[in-house]
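Chain by chain, the residues:
Number of protein chains: 2
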Amino acid sequence: MPGETSLHVVVLGSGVIGLTTAHVLSTRYPECRITIVARDLPDDLSSQAWSSPWAGADWSPMGEYEELRYKREAKTFNKLWDMIPTGLVRTLPSRICYTQEVDSDKIWYKDLVRDFRILPKKEVPSGAASGVAFTTVSLNPGLYLPWLKSELDTRGVTFIKKKVYSIGEVAEIAGPKGVVINATGLGARSLIGVQDKAVYPIRGQTILAYAPGVQEFLSYPLGLASVPTGQATYMIPRPSPPGHVLIGGTFQEDNWDLSIDFDIAKAIWSRCLELAPGLNDKETKILGHNVGLRPARRGGARIEAEWFKMPLKSEFLPSPDPLEKEHDFLVIHAYGFG
Amino acid sequence: MPGETSLHVVVLGSGVIGLTTAHVLSTRYPECRITIVARDLPDDLSSQAWSSPWAGADWSPMGEYEELRYKREAKTFNKLWDMIPTGLVRTLPSRICYTQEVDSDKIWYKDLVRDFRILPKKEVPSGAASGVAFTTVSLNPGLYLPWLKSELDTRGVTFIKKKVYSIGEVAEIAGPKGVVINATGLGARSLIGVQDKAVYPIRGQTILAYAPGVQEFLSYPLGLASVPTGQATYMIPRPSPPGHVLIGGTFQEDNWDLSIDFDIAKAIWSRCLELAPGLNDKETKILGHNVGLRPARRGGARIEAEWFKMPLKSEFLPSPDPLEKEHDFLVIHAYGFG
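Protein sequence lines correspond, in order, to chains A and B. According to this note's numbering, the first sequence is numbered sequentially starting from 1. According to this note's numbering, the second sequence is numbered sequentially starting from 1.
Covered stretches of chain B (chain A as the covering partner; in silico rule of three or more C-beta atoms under 8 Å from a C-beta of chain A): (1) 188–201; (2) 244–258; (3) 261–270.
To list a few chain B residues with every Cβ distance to chain A over 10 Å, as calculated: (4) P93; (5) P120; (6) K122; (7) R155; (8) E172; (9) R302.
For lysine-lysine, the following DSS-like pairs were computed, each having C-alpha atoms within a straight-line distance of at most 27 Å: (10) B:K266 to A:K197; (11) A:K313 to A:K197; (12) B:K285 to A:K313; (13) A:K309 to A:K325; (14) B:K285 to A:K161; (15) B:K163 to A:K285; (16) B:K162 to A:K162; (17) B:K161 to B:K313; (18) B:K325 to A:K282; (19) B:K149 to B:K177; (20) B:K163 to B:K313; (21) A:K282 to B:K313; (22) A:K163 to A:K197.
By construction, these hints were calculated from the structure, which means they are not laboratory data. Even for Gly, the Cβ is constructed at its ideal location relative to N, Cα and C.
Chain A on its own, in the form it takes in the complex:
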């Protein structure tokens, strides 16, 4: 158990980034004292202000090849693969379609996933020009986040449920020798001292269904002519409970609307019925509709160290305590993963 004199790391945010960072830190540096400060804790998965519980979540390729992306994604994929024995992650057969012919040599993730192959023409769903199949991993955030929370509890990590307005407040919790990990996601826009306007939401509307006839990850390409802008078409079977499938979706940039648009829900449902005949099973049931806001950032995620002069001077905090001793304070930013 960590002592009072050791380094104190305060993680701000209890989404998948904050909790996973705390987990890695507590594994590698068991002598380190760790506190997680967040508006919502993982025992309240229903809060809509918190995006992680609504994630799919499977490993799926996003964007073009970049060296840094490849390294990060390979690490993520392998870590998830190694977690299969825990029961929190399962392997998942996956098919992704494209609007153009694909060149196998140009698919950056083909050696990262398992069982990669180009789909023969007869297996390509209608509307798409080509497709690939592979084995990926799927994780249920509704199980994973509480599991992380209980692991961290066991390791003596402290949780504080608190809405924090500024880096100054969290510096006070951390103490002069503390360090802060800023894993606030969309909150980085509003956190005084950071106020990062590059952070923006990508609205994701999804349907949670019991659909035992859908056994693999399936997706139509983004940007398909017949699909309205901002909409997507995908199905992600979850490792548990059996038959639960997350059906999406939307990628609506700068859209904060948390209400459910039933015209969109209807459009998603009919596209998915076309892509996956197994969805038309008589046992299929809609269980719920969700909207989550993916915390994205123009220019990409921010993974960066920054030194702050304490006490924080800000026009929005007009009266810092004049007696507070000046010191430098380290913040490690980890947000904007979208």
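Assemble the complex: chain A is given as a structure, and chain B must be docked to it using the hints.
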């Protein structure tokens, strides 16, 4: 205490409308069994998905004269006035400015409030053409909502924390002889069976400050040429803690953005400094920034009874249990008060 055979009223939503409705019902009909079902309960005031805790909240005139509005507002004002002895409400001197000369005869609320007078020219703040002063009431929702909750607990009202997707789910909780009060606010857009697209948010960004130099409600007129569209200028001293003032604000229609816009915060602050020199006190401190979404409705609030045929048939609920007996089910809508 209500028995199992009495009428069962399920109130959906635990904002100021839901809790107050339950309170009135339990006062008038103590034999009635009442259950409140809501995603957020009043013991978690920090949830941003819930707008009531962020309200000002003082009584202030909104809109033009309408007979129904007058009756409703008179009832509200008098009820709040009568609550002063409880300590939850205080009287509040109030000054409201207008962009045009006012005709005292046309001010519909002048006999509803106390101590009404037209401001002499020398008391009208710069930028405004005229102004009125009166005594109104102010309530702190951060105290009022938990007080209502504890009153309801004492009366045997049951609280269920649950995210409800459809009228069907809440009908099941209510039972065949039950009645539902739909006090879901913005949630009425997403509730299956209701799906009311006339409901929309009016974004309100505010600053909570300790400002003992501000002792009265003050507001500049909406639509002042020098103020950006969607912004307003007002200060609402809260009954407690002493010196706490809610400083606003914005009225941004159809804007769901829950992040804090610091350019707006700065603009609000400087306009309020001009309106209330007392804000420039050396003791003034910014305590926090908030964004709340006022649950408004095109065409006005919906206060209406509606009979549903159960089980609910909806394309978004493809498989209702075929064995469930058909029955009529009463829902009383009470949402969209903005």
